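> Chains as they are written, first to last, in the working numbering: chain G, 1 to 390; chain U, 1 to 218; chain Z, 1 to 186; chain H, 1 to 379.
Keep in mind that the hints are not guaranteed to be accurate.
To be verified - Think about it this way: if two alpha-carbon atoms lie no more than 30 Å apart in a straight line, the pair counts; the simulated BS3-like pairs of lysine-lysine are:
no., chain 1, residue 1, chain 2, residue 2
1, Z, K60, G, K312
2, Z, K20, H, K323
3, G, K312, Z, K69
4, H, K48, H, K91
5, H, K81, H, K91
6, Z, K91, G, K312
7, H, K48, G, K193
8, Z, K97, G, K312
9, Z, K69, Z, K97
10, G, K312, U, K92
Keep in mind that the hints were calculated from the coordinates and are not lab data.
Computed from a predicted structure; not experimentally measured.
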Amino acid sequence: MEALEMYTTDERSDVYTEELKLNLGPQHPSTHGVLRVELKMDGEIITDSRCDIGYLHRCAEKIGENVTYLQFTPYTDRMDYLASMNNNLAWSLTVEKLMGLEVPERAQWLRMICSELNRIASHLIAFGTYGIDIGANTPFFYAFRERESIMQLLERPSGARMLYNYIQPGGVRRDVDDNWIGDVLAFCDEFEKRWAEYNTLLSNNYIFIKRTANIGILTQSMALDYGCTGPVLRGSGVRWDLRRDVPYLEPYDEVDFDVPVGEGTHGALGDCWDRYWVRMREMMESIRIIRQGCAKLPGGEVMTKKQTSMYKSPMKAAEGAHAYMRCENPRGELAFYAVSEGGTSPIRLRARAPSFCNLAVLDQLLPGTMLGDGVAIIGSLDIVLGEVDR
Amino acid sequence: MGMNEREIHALLTASGIDGVGGLEQPDLDPTVVLQPSALVEVMTLLRDDERLAMEMLHCVTAVDREDRVDVVYHVCSFARHHALTLRTSVAKPDDADESWHPEVPSVASVYAAADWHEREQWDLLGVHFTGHPDLRRLLLPPEWIGHPLRKDYVYPSEHGGIPLELDAVPIYERDEREDTPPVAEPRPAGTPLNQPPSAPSARPHAGGKAPAKKEGEG
Amino acid sequence: MGSVRDYFASIGNGLGSAVKGMGVTLRHLTQEDTITLLYPHERREMPPTYRGLHILEQDKCIDCGLCAKACPVDCIEIEAEHHGRVLEWAKFTIDYKKCIFCELCIPPCPVKCIHMTSEYELATDSPDTMAEDLLTWTGLRREDQEKLEGKAKPKPAAPAASGGGGDLQSRVAAMLAKKKAEKGED
Amino acid sequence: MQGLIDVFANLLGTGPTLSMVLAYFVCIHSLIGFITIYAMFAIWMERKVAAHIQVRLGPMETGGWHGWAQSPADALKLLFKEDLIPAGANKFLFWIAPALVFCGVFTGFIVVPFAEGIQIVDLELGVFFIVAIASVEVIGVIMAGWSSNSKYSLFGAVREAAQVVSYELPSATALLPPVLIVGSLTLGDFNTFQAEHGWLILHNPFMPIAALIFFISSLAGCKRAPFDLPEAESELVSGFHTEYSGMRFSFFGLEEFVSMFLVSAVTATLFFGGYTLPFDLLSIGAAPDVSLFDWLSGHAELGQVDILGSLTHLAGPAVFIVKVFVFIFIQMWLRWTLPRLRVDQVMVLGYKFLLPWALFTVVGTALFEGLGWGWCSHS
Numbered sequence: 001m002e003a004l005e006m007y008t009t010d011e012r013s014d015v016y017t018e019e020l021k022l023n024l025g026p027q028h029p030s031t032h033g034v035l036r037v038e039l040k041m042d043g044e045i046i047t048d049s050r051c052d053i054g055y056l057h058r059c060a061e062k063i064g065e066n067v068t069y070l071q072f073t074p075y076t077d078r079m080d081y082l083a084s085m086n087n088n089l090a091w092s093l094t095v096e097k098l099m100g101l102e103v104p105e106r107a108q109w110l111r112m113i114c115s116e117l118n119r120i121a122s123h124l125i126a127f128g129t130y131g132i133d134i135g136a137n138t139p140f141f142y143a144f145r146e147r148e149s150i151m152q153l154l155e156r157p158s159g160a161r162m163l164y165n166y167i168q169p170g171g172v173r174r175d176v177d178d179n180w181i182g183d184v185l186a187f188c189d190e191f192e193k194r195w196a197e198y199n200t201l202l203s204n205n206y207i208f209i210k211r212t213a214n215i216g217i218l219t220q221s222m223a224l225d226y227g228c229t230g231p232v233l234r235g236s237g238v239r240w241d242l243r244r245d246v247p248y249l250e251p252y253d254e255v256d257f258d259v260p261v262g263e264g265t266h267g268a269l270g271d272c273w274d275r276y277w278v279r280m281r282e283m284m285e286s287i288r289i290i291r292q293g294c295a296k297l298p299g300g301e302v303m304t305k306k307q308t309s310m311y312k313s314p315m316k317a318a319e320g321a322h323a324y325m326r327c328e329n330p331r332g333e334l335a336f337y338a339v340s341e342g343g344t345s346p347i348r349l350r351a352r353a354p355s356f357c358n359l360a361v362l363d364q365l366l367p368g369t370m371l372g373d374g375v376a377i378i379g380s381l382d383i384v385l386g387e388v389d390r
Numbered sequence: 001m002g003m004n005e006r007e008i009h010a011l012l013t014a015s016g017i018d019g020v021g022g023l024e025q026p027d028l029d030p031t032v033v034l035q036p037s038a039l040v041e042v043m044t045l046l047r048d049d050e051r052l053a054m055e056m057l058h059c060v061t062a063v064d065r066e067d068r069v070d071v072v073y074h075v076c077s078f079a080r081h082h083a084l085t086l087r088t089s090v091a092k093p094d095d096a097d098e099s100w101h102p103e104v105p106s107v108a109s110v111y112a113a114a115d116w117h118e119r120e121q122w123d124l125l126g127v128h129f130t131g132h133p134d135l136r137r138l139l140l141p142p143e144w145i146g147h148p149l150r151k152d153y154v155y156p157s158e159h160g161g162i163p164l165e166l167d168a169v170p171i172y173e174r175d176e177r178e179d180t181p182p183v184a185e186p187r188p189a190g191t192p193l194n195q196p197p198s199a200p201s202a203r204p205h206a207g208g209k210a211p212a213k214k215e216g217e218g
Numbered sequence: 001m002g003s004v005r006d007y008f009a010s011i012g013n014g015l016g017s018a019v020k021g022m023g024v025t026l027r028h029l030t031q032e033d034t035i036t037l038l039y040p041h042e043r044r045e046m047p048p049t050y051r052g053l054h055i056l057e058q059d060k061c062i063d064c065g066l067c068a069k070a071c072p073v074d075c076i077e078i079e080a081e082h083h084g085r086v087l088e089w090a091k092f093t094i095d096y097k098k099c100i101f102c103e104l105c106i107p108p109c110p111v112k113c114i115h116m117t118s119e120y121e122l123a124t125d126s127p128d129t130m131a132e133d134l135l136t137w138t139g140l141r142r143e144d145q146e147k148l149e150g151k152a153k154p155k156p157a158a159p160a161a162s163g164g165g166g167d168l169q170s171r172v173a174a175m176l177a178k179k180k181a182e183k184g185e186d
Numbered sequence: 001m002q003g004l005i006d007v008f009a010n011l012l013g014t015g016p017t018l019s020m021v022l023a024y025f026v027c028i029h030s031l032i033g034f035i036t037i038y039a040m041f042a043i044w045m046e047r048k049v050a051a052h053i054q055v056r057l058g059p060m061e062t063g064g065w066h067g068w069a070q071s072p073a074d075a076l077k078l079l080f081k082e083d084l085i086p087a088g089a090n091k092f093l094f095w096i097a098p099a100l101v102f103c104g105v106f107t108g109f110i111v112v113p114f115a116e117g118i119q120i121v122d123l124e125l126g127v128f129f130i131v132a133i134a135s136v137e138v139i140g141v142i143m144a145g146w147s148s149n150s151k152y153s154l155f156g157a158v159r160e161a162a163q164v165v166s167y168e169l170p171s172a173t174a175l176l177p178p179v180l181i182v183g184s185l186t187l188g189d190f191n192t193f194q195a196e197h198g199w200l201i202l203h204n205p206f207m208p209i210a211a212l213i214f215f216i217s218s219l220a221g222c223k224r225a226p227f228d229l230p231e232a233e234s235e236l237v238s239g240f241h242t243e244y245s246g247m248r249f250s251f252f253g254l255e256e257f258v259s260m261f262l263v264s265a266v267t268a269t270l271f272f273g274g275y276t277l278p279f280d281l282l283s284i285g286a287a288p289d290v291s292l293f294d295w296l297s298g299h300a301e302l303g304q305v306d307i308l309g310s311l312t313h314l315a316g317p318a319v320f321i322v323k324v325f326v327f328i329f330i331q332m333w334l335r336w337t338l339p340r341l342r343v344d345q346v347m348v349l350g351y352k353f354l355l356p357w358a359l360f361t362v363v364g365t366a367l368f369e370g371l372g373w374g375w376c377s378h379s
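Whenever a hint applies, use it, and build me the whole structure from the sequences.
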């Protein structure tokens, strides 16, 4: 950070300078959605920042109170639209916990494989758009080449390319055949070669390292205090991953993978590069999980009997019951809190979105950095405004 | 490894802070009931006591029931691998209408995460968190009137001159529709572009003619 | 600026990583083949499970309304008059301005008569053509009238329109082709 | 140029001044024609190179084979698009800025030597003139940024001022070694020197470093690749030309590609032997003793014109343009590989890395010239 001390303005300067108020957003190429940050600038250096969100608020929680439990699943797709499989999983687990539904073995393994595939697709977008934020346009297209093959893989069982509505309370919508498993394994081998290519092109590029190391340093205490989770928290050195520490799906116990954590390789611990590198290594961990998942996929049903009846007549939850279920999304811990009073729909439905808490830190990280770094910090937090505003 | 909720509850009652109630619904999601006054003390104890070590406030939710308004806190610990749900509630007076705001002390001083969570609950449900550093609306435009997630919330017919959904009746009781959308009268010249509601208690739903566009659109 | 060693290390590192990166892009320029599809000329073959426009086997439908009830956005409207077992159809429209293609209307159907084809070109030129009517015929068909007046012995009505049994895919494909032909004419 | 004046005098029988005006008129307009055609081709080439680097196809539809007519179609579209002037903009500055930017770079072409005779004016201060004229374009860009009354454009303009002005130092210093060796500033002498003594870049160990430094700082000069801060899409929406549209916007695009050509031309002429092949193969580009112009201006009969000489003379521009396009390809290749530097890193790179090394090459070349060392034949 020594480069910046030199530039801070000193009060004695006789030149009359005014503070520039700059609106970063809501229509801006690198706010990853409709986010407006009111910046007070002193030349290139940001002196104060205030986030203004709510441009994409679609009152999903009010709709949740008016539709049945099953009908709300497509709305969870639209919260974090880059990782909609994981959103479906979180919502289905909340409903199953609330109603005590039993999910067959094969459905759980399919859920794990599909949500890990969706995690890779989501991290690929984070990698691609981060390259564009720093100015390298090419990695984005390589990332989308892999993402396209994932989307075509997930399209076959679910029927949609991006908003799947595949994991529903009680199991999964449709079974998969064997050549789908073969294609998934073929994708995993192909991806490993491409992953090495990304690193030579962007991760180890000296300019990229200079632009991201020692920028936006998030200390562990601030990350915990602000409730940051996922790669943002792991980038600051906290080795915490719900899939391993509080497994919400049995298959995660029978699969071994390790949790990558930021080590401050190119600068202070918890800078933009660490968050970025944690995401890149998480992609390879997901590949390991998928391979083991495809090997151990058991046979059997994919949907509970109660659920097929649930399509016809919506199920009721117990009187006065409430359930809170946390799941590991690519961006952090997504949790749903459903409070029911016996009806077919909850009386209160709260979605705790990871990007919502990760974004709260932005106002602490931006002051003191330059405009170019501000864009790098927003990119490294990898926020999706669909789930920040819900 | 982690302590289960019953042990945590026992530890909390043993700590001598008055206002710690019983344990609710032990089978699904055990919840510790608290008086609003005991909130900040219990939260600081949860965060600082190394046996509990609740490093993170995971989520703050306000629930609008018939007779009361609950505020539910979920805290979790990474070191001890356990989590806890706490609930405080404010009874609703029978003449509770649009401008009634339950008062709950803010825990933003204990967990910084509470800052945005509490602002959102104030925005959507009108729970006034006393002691919050900067209690403004988070998601809705600053001059919005009313709190949408309340059960008795009536949809405004238009906002800032834009006619919203044709019928103001809540979605699930929609039977017939008016043909022509209400024509919004042009905003009289000279009304200031955007003045936020004066005190935290917003003006009653008067005529529904909210002043013009969201700040920052200009 | 740190020690002199850093100075020269940064030059070497900077040029080295830049050249390696250029190697990757050059390899893509020369060896890799492009993956994009020239859409209007080449089309990707969609999987059968793809969730596209709906299609209705009208003669099997018994107007139970379960699909309309299951839809989260209430975009299905059905109107039919019941004459005993025979239906006089007025309307079965899906409002594609609201439909989110979530496929929740397919499972509850007791007679399995509503399906989703893999037709993904939804563009129309005006919003009011977005509410698509899935009926192949409206009102009463000839056989239904006869059955009503009881002249013909009520033998099981041969499903004339949908082209008989066969597995789901072939029936859907046949209906899709017929619909395309109609759309082609008018 | 002198030959052309005699041709006009002979054919049209006009006086010396009128024929000179006519000759200049023809030269300038042929240059404008060449530049617009080159710019359209270069835009299309950049989109194609970028596309195939990024495993996609680039323009394919307009005009048949690989969308060759995409750039003319874009140019036509920009011609007819509405020319917006923002409300609070300073009308005159906003209106004049693109013209200043384009003229600043276009005048640099006067001294570019396509072949021995094919050059508008062979100024004695050729190199000095090019370095000087390049900074006129900066004024235009600052005017554009400041006058469009938008904060993002102001940021772009201020960054432009800081970056391009401070990168003229290393680029000018890196041009000194070739001037030291050849001993003159006129570009024509560079070509004749390199025809006899081989390319300057192989002259002594410092020349490749000087060439690299000049190339990098010229990238910053025309806002390309890792230094495209003034119009950093991801930070400043599109920097100084955010508020421009229609014809004025196309001028900025044109200027970017024209300055790419100019910079590559200077690199090719000073370091890589202009229009000559390595060992003066076929004496490409050298003017024949009796050329077509002599016949047209009546000094010689048709029979005396030596055809072979004219052909090699005309091959000169072809070789020169191929070299220039090699450098333009490298600039495009760099743009689609490297991320963007931050403003203060650009300054640090300019003052603490490029400038000292440029001075080092000047001292080194002077030393080698003084002692008469050199890699290849110096005679």
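> Does each hint hold? Answer for all of them.
Status of each hint after checking the structure:
no., hint, verdict
1, K60/Z <-> K312/G, "holds (18 Å)"
2, K20/Z <-> K323/H, "holds (24 Å)"
3, K312/G <-> K69/Z, "holds (9 Å)"
4, K48/H <-> K91/H, "violated (37 Å)"
5, K81/H <-> K91/H, "holds (18 Å)"
6, K91/Z <-> K312/G, "holds (23 Å)"
7, K48/H <-> K193/G, "holds (26 Å)"
8, K97/Z <-> K312/G, "holds (25 Å)"
9, K69/Z <-> K97/Z, "holds (18 Å)"
10, K312/G <-> K92/U, "violated (38 Å)"
Comparing the model with each numbered hint stated earlier shows that hints 4, 10 do not hold.
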